[in-house]
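Enquirer: For reference, the chains in residue letters:
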Amino acid sequence: MTANAIDMNTLPPTVGQMCALYSPPAGTFDEMLAPDGSVRPHWQPFLDEMEAMGCEELNRNYQEVVRLLRENGIAYNIHGDPQGVHRKWKLDIVPCIFSQTDWDTVEKGMIQRAGLLEMMLADFYGPRHLLRDGLLPADLLYRHPAFLRPCQGLTGHPPHRLFMHSADLARGPKGRMWVLNDHASRPNGIGYTLENRTALAEVMPDMLRRCKVRRLSDYFRTLRAEITSVSPRQKEDPRIVILSPGPGDEFYFEHSYMAAYLGYPVVQGEDLTVRDGAVWLKSLDGLMRVDIIIRNTNDGDCDPLELSQTSRHGVAGLLESARRKNTVLANPIGSSVLENPALMAFLPGIAQKLLGEDLKLPSVPTWWCGQQEGLQYVLENLDRLIIKNVHRSPQHPPVYGSMLSGEEKTQWKAQIRQYPHNYVGQTQLCFSTSPSLQKNGFLPRHTVCRLFSAARQEGGYTLMPGGIARSSADKNAQVVSNRTGGVLKDIWVIADRPQKHISLWLHGTQSDRAFTRNSVLPSRMAENLFWVGRYAERIEALARMLRTALHVLTERELPEDDLSDACLFHLLQGISRISLRQDFKSKDKMRAETEISEIIQDRESAGGIVSTLGFFLNAAYAVRDHWSADTWQVINGIEEYRRSIHLYSGFVPRLMQKHLDRLIRSLLAFTGLCMESMSREYGWMLLDTGRRIERALMFIAFVRSNLVPVHHYPLDNVMMEAVLITSENIITYRRRYRSYMEMVTVLDLLLMDERNPRSLLYQLDRLQEHIADLPRERDTYRLSEEERLMLKAVSRLRLCHTPHLAEISDRSGEYKRLDGLLDSIRRLLEKTSETVSQNYFSHIQESRLLGAAHAEVL
Amino acid sequence: MEYRIIHKTRYVYSESVSLCHNEVRLIPRNLPFQTVIARRVNVEPKPSAFGERDDFFGNRVCYFSIEKPHKELLVSVTSQVRVTPAAVPDPELSLPWEDAKKRIAEDRVLADDCQFSLDSPLIASGKALQDYALPSFSPQRPLMAAARDLMCRIHRDFEFRPGFTSVSTPLDEVLKHRRGVCQDFAHVAVGAMRSMGLAARYVSGYLETLPPPGQERLQGADVSHAWFSVCVPDYGWLDFDPTNDIIPGEQHIITAWGRDYSDVTPLKGVIFGSGSHNLIVSVDVERRG
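Listed in order, the protein sequences are those of chains A and B.
For the first sequence, position 755 matches number 755 in the working numbering, and the numbering has no gaps at all.
For the second sequence, position 166 matches number 166 in the working numbering, and the numbering has no gaps at all.
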């Protein structure tokens, strides 16, 4: 983890002084300063605002933005990052600013380019005139792994339009904008753009208004209108989902952020199924027809029937459903063929042929080694070029000729000669610099912009008046990448006139409202919510037990306190069993201390706090679009706790108690937020079902290990007290029964009090209610399996007589009847959990491939 | 010559399958010298969705899905095909293979054929294939003569040995051990042609088999077959059958072609359910006068 915030307390007091150190490298275009050192006019309002804001407020605003983003939990999963997935990146409070005039040129070029790429896409998967007309070498297309033959006829024309196009652009030394990359498959970056702007607009609304920064919401409205308008089935009420590879994906954050913003569910391949040539979502209510899929999975991974058979993210039959026009994919499968950088070498000719126009926005000069002239040029000019594989992937990062040693150069030349068609050479541009806020003021950093276009209903494209810019990590670095530690910036387009305030919220149509009222819960989401409930409760219960044990340990009055020792060892035996460790049999105090700290800190311990926290966070992360901002902050706090848990070493009981207190408070905050800020839809019901099952099970396990053995006075009182404390019942008990500790009254409160949210009966009652409310066909009077199980459990508990349970029936030294009752309820609960899983989550089935083997030979 | 072909594929599953999606490429192509008079595709249990289309290479594909639990799947395709013999040009009169190579790489008219000169999912051309091909490609040899020679050599050098290879056996292994089945020989030939910079494709279909003299024809004892085809600029595509060392004529019926087997898999599918499966295939090619 890199520190997210830069210490800004060292900033000089005035903007003038902040600019003092700002000197762009020679020969570079600077976005803010003209060559004579004067400030470019479109930057002036921003600098004036900064001046007015003053250093102190600037620092405050900066910290506030950092906090907002952190709490949103912006996660950028880095490929191959062993630390896992949640590295945070930096947002620069200084935007990258464009004047409207400058932007107009860029906009025209981007719109032309998207239109051109769409026509090329239609040609590639259609007649392929471009090959026969000699405008593109045939093997450039046919060799490319992203050219997917099953998509023939399916891609590039309505309804299978190129809905979204984005490109990376940079400005060269002479001030001209060049396109570096095209992105046509997945709309990566849109979510981050939206998130950055939201954060800045929240912290500095006046600044954006006074600088006349153009708003982004129109873009999203256009995108949504276009996607909705192509709905194959019902134009009024199309069902739209966002398809994601899942939480393991580098851009999962964006998928769920966009899902929450646009109001569409985020789903994974296994949530969808193709039936009757159409796509259906497996939801808690059964199968629901899907009309439009906003696709964030790689092209080749979309359909194991016709495309890559090894993908886990695909939906068998998806291409067929698109072919039948039952489903529209945005973007269509096959679009990533446009991302081949070698195409850039041929775009000018293609633009002339298809549009009769010159390219308004040039691509960075590109040579394809598959042609003799290109190969020759690249080999001779390797020093000045970037070598890229025609198939862009994390396995093939670009290679900078200027950074290669002599030996590496020889190796690369050999590699290029052997597989010339796999490589292009591109001129290494000296990107323009823009100011980045560092601890001593503004410093110039090389900057690359990503801009986004969306298809318009009436044809053509619209460009988002903004985007996301990335800056290099230091002054000399030309490599600009989030992976190598760059900084992200918002892109501002300064309008000629003040901008009306338009909320980023989209105004829904009547049908949108109808759709959101019946919000759909994919089965996999339902399952994750159920487990969020179970894990949250399991952690809380474990933490409470450990806290009681620590309490007993620290409150010993004498070094030799037999009573406390006996209590501690009983408690620990139970806790060890519950956290899936070997039976704890020792009577040694040192061993007890080790046991406690291992359960809390040990990452290897499968049922310990750290592991369970991991399961909890994974499940919570997979359903992140269900959490409010406040809830998400609490979850982030829990994550931070998990990360810091191993930091304290040695056995310091008071410190551990303090940490457990903090954890329990966070979990209670989480529970409270779930109770008070989640609508009582199926999602909440399943979360609470998981919670009640787990609370009941943990309760049973704890009571069985501590109260079922018959203890003698005074240990019996100490044990009963420990159970009452742990189960949060001690206050009620004291108020009700004063200080008489008696098994019967303890059991009355713990088991039978239906008004006590910490009693067993209360959990069973809630469970019975939730289970009755789960969706099912109501055409019979018969109870469902899970309803039957719960009725049995509730009746069994309600029918028992506590004095009877508190009788010692034989010489076994145990409350046998109590044990029998608890054990039978445990079994019923476990069966209920299994049945709910089977009936509501098990739509996901293993799939296999059939391919006729060598049964046919001659 | 007219044929009736019945191709039955039966899958038996150990556990019930709840859903399956399948693609079938078993209907013969309509070609200048081959006419499909009638054909019928029968799937049991009855599919929920069924559709036909031409794929990227112009092969006829049936798509179907079965959406209720089943423990057995039967796909039977019956087709009636008329094959007229095409005149085979004199191999010695075709253009030199070097010229063909240049035309395929550079001539825009051949842009679509160019893809058959490139590597494909199951065939990566390399030095081993080129070493094998070279003896057939003496300088300025006419392309058809060179291809015919390659076919003869494969027939001579490779042992027909069912069971030695499977769909997933790499071409290198086949080349090393010099044994396999028609599919492997076709792949070797295609790879050898490509290693010389020429365009060749994989063809799947049927071959009429005649019983040994004095014996009766057995029903369902035939099998599907595979061979290769070579792009001859200005002429078109010419087929070669290395398994039997003949240039296909009236006895070969073409169902599909592609870059290699993976483009023309006769029946493939994704099934949902656990357990294992058994596959039984029977083919019957009967002459109808």
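None of these hints come from the bench; they were simulated from the model.
For clarity, every value in this text was computed on a predicted model and none was experimentally measured.
Beta carbons: idealized from backbone N, C-alpha and C, even for Gly.
Mixed in with the good hints, there may be bad ones.
EDC-like cross-link-like pairs, simulated, lysine to aspartate or glutamate; straight-line CA separation at most 20 Å [unchecked claim]:
no. : chain 1 : residue 1 : chain 2 : residue 2
1   : B       : 68        : A       : 139
2   : B       : 268       : B       : 131
3   : B       : 101       : A       : 728
4   : B       : 102       : A       : 139
Under 10 Å between C-beta atoms, here's a sample of chain B residues computed to sit facing chain A [what the hints assert, rightly or not]:
no. : residue
5   : 11
6   : 19
7   : 30
8   : 31
9   : 116
10  : 152
11  : 177
12  : 179
Here are a few chain A residues that face chain B, going by a calculated C-beta distance under 7 Å [claimed, not checked]:
no. : residue
13  : 139
14  : 598
15  : 849
Enquirer: Compare the structure with the hints numbered earlier in the document and write down the numbers of the violated ones, lowest to highest.
Expert: Violated hints (numbers, rising): 1, 2, 3, 7, 8, 10, 11, 12, 14; every other hint is consistent with the structure.
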